[in-house]
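Participant: Sequence:
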Amino acid sequence: MSNATGRVLEVVEDPGIRRHEIANRLTNVERRLLTYLSRHQTLIACVGNIGAGKSSLVKLLAYSTGMNALFELPDEGFEDHVAQNASLYPLLATAKHSAKRTLGRYYGAINDFIAAQRGEWPGSPGLGAAKKHVEQAALDIQHAYLDLRKMQLQAMPHLQASTCIDGSPLADRFAFCEVLHRDMDEPYLTADALKVIDQRLEEEFRPLVRPGLLVILKSPVENLLRNIRDRQRDEEGGGEDLPEGLVRLVKALNPRYDDFVANLRASGWYHGPVLEIDVSTIDFVSNVRHLIAVYDGIEQLLVPKEFRG
87 MSNATGRVLE VVEDPGIRRH EIANRLTNVE RRLLTYLSRH QTLIACVGNI
137 GAGKSSLVKL LAYSTGMNAL FELPDEGFED HVAQNASLYP LLATAKHSAK
187 RTLGRYYGAI NDFIAAQRGE WPGSPGLGAA KKHVEQAALD IQHAYLDLRK
237 MQLQAMPHLQ ASTCIDGSPL ADRFAFCEVL HRDMDEPYLT ADALKVIDQR
287 LEEEFRPLVR PGLLVILKSP VENLLRNIRD RQRDEEGGGE DLPEGLVRLV
337 KALNPRYDDF VANLRASGWY HGPVLEIDVS TIDFVSNVRH LIAVYDGIEQ
387 LLVPKEFRG
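In our numbering, the protein residues as written are 87 to 395.
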């Protein structure tokens, strides 16, 4: 076990890396992580706001260190990578497609409700119907993602080597659910719906595997919205003019991730190490020095010193 239990580490670039040292630094830390993670089955969960780059980091980790990779959405380039266990693909793909369809309906319900707020009078049947629609859609999307997360976590102990996952039921509950219940102009997720989600977590997820490392990606809102526009996902609206409901959600989520670790500790769900990455300053996708810093941070938190030697 690592001695980093409970430690929170922020990724910082090492400015002393010279150009001719980059290849050795990168491949050496990748090799050490590959060796350790192949021998010590570990779950790494990557969480963060929409557009922060979770799936990009999971892809880099998987193909650099030999880990399995499990993703949220079934878009091109987001396929699961599960070594030597092809039987899982159909099950996980079905759950991801269901979550994607539900996500599209959820964003549609939010936009319809916002339009009704502007065009209907308080207490009107049209506004009431739109409110019920968005409340049901908010609960449906939570169920869809919990179904997917549960299937992924149930599969993880049966996979060879270690696994990194894009997203977490803990982020669903302590970021998304909190926003939908407390931070919108009106609650999209009702108190009764939140109780249903909490009951599912207690009954279905307490017995499942917990992360050995939590990686949190953070960024200013304007960077997140730019990334969302650039990637052009259909369920997020695409184009330059993002749906107002999505923009509201992104803005509300950011403060929730500032309190995320403290809420996990207080709830007893997670007491392990945390790696924080400010993706507005650490560009691990296009800057090799920054990628080395991320891998160094993972190694510091996961790999015992005696193993590194």
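In short, the hints are calculated from the structure, not lab data.
Among the hints, a few may not be true.
What the hints assert, rightly or not - What follows is a list of derived Cβ distance ranges for each label pair: (1) Arg292 <-> Glu272: 26 to 34 Å; (2) Ala109 <-> Ser366: 25 to 33 Å; (3) Lys337 <-> Gln170: 17 to 25 Å; (4) Leu177 <-> Gln127: 47 to 55 Å; (5) Glu272 <-> Pro341: 13 to 21 Å.
Stated by the list, open to error - Cross-link-like lysine-lysine pairs, in silico, DSSO-like; alpha carbons within 27 Å at most: (6) Lys391 <-> Lys186; (7) Lys218 <-> Lys186; (8) Lys391 <-> Lys337; (9) Lys281 <-> Lys145; (10) Lys217 <-> Lys145; (11) Lys218 <-> Lys337; (12) Lys218 <-> Lys145.
The beta-carbon is built from N, C-alpha and C at its ideal position, and this holds for glycine as well.
Participant: Which hint numbers does the structure go against, in order from smallest to largest?
Facilitator: Of the numbered hints given earlier, those the structure breaks are 3, 4, 6, 8, 9, 10 and 12, listed in rising order.
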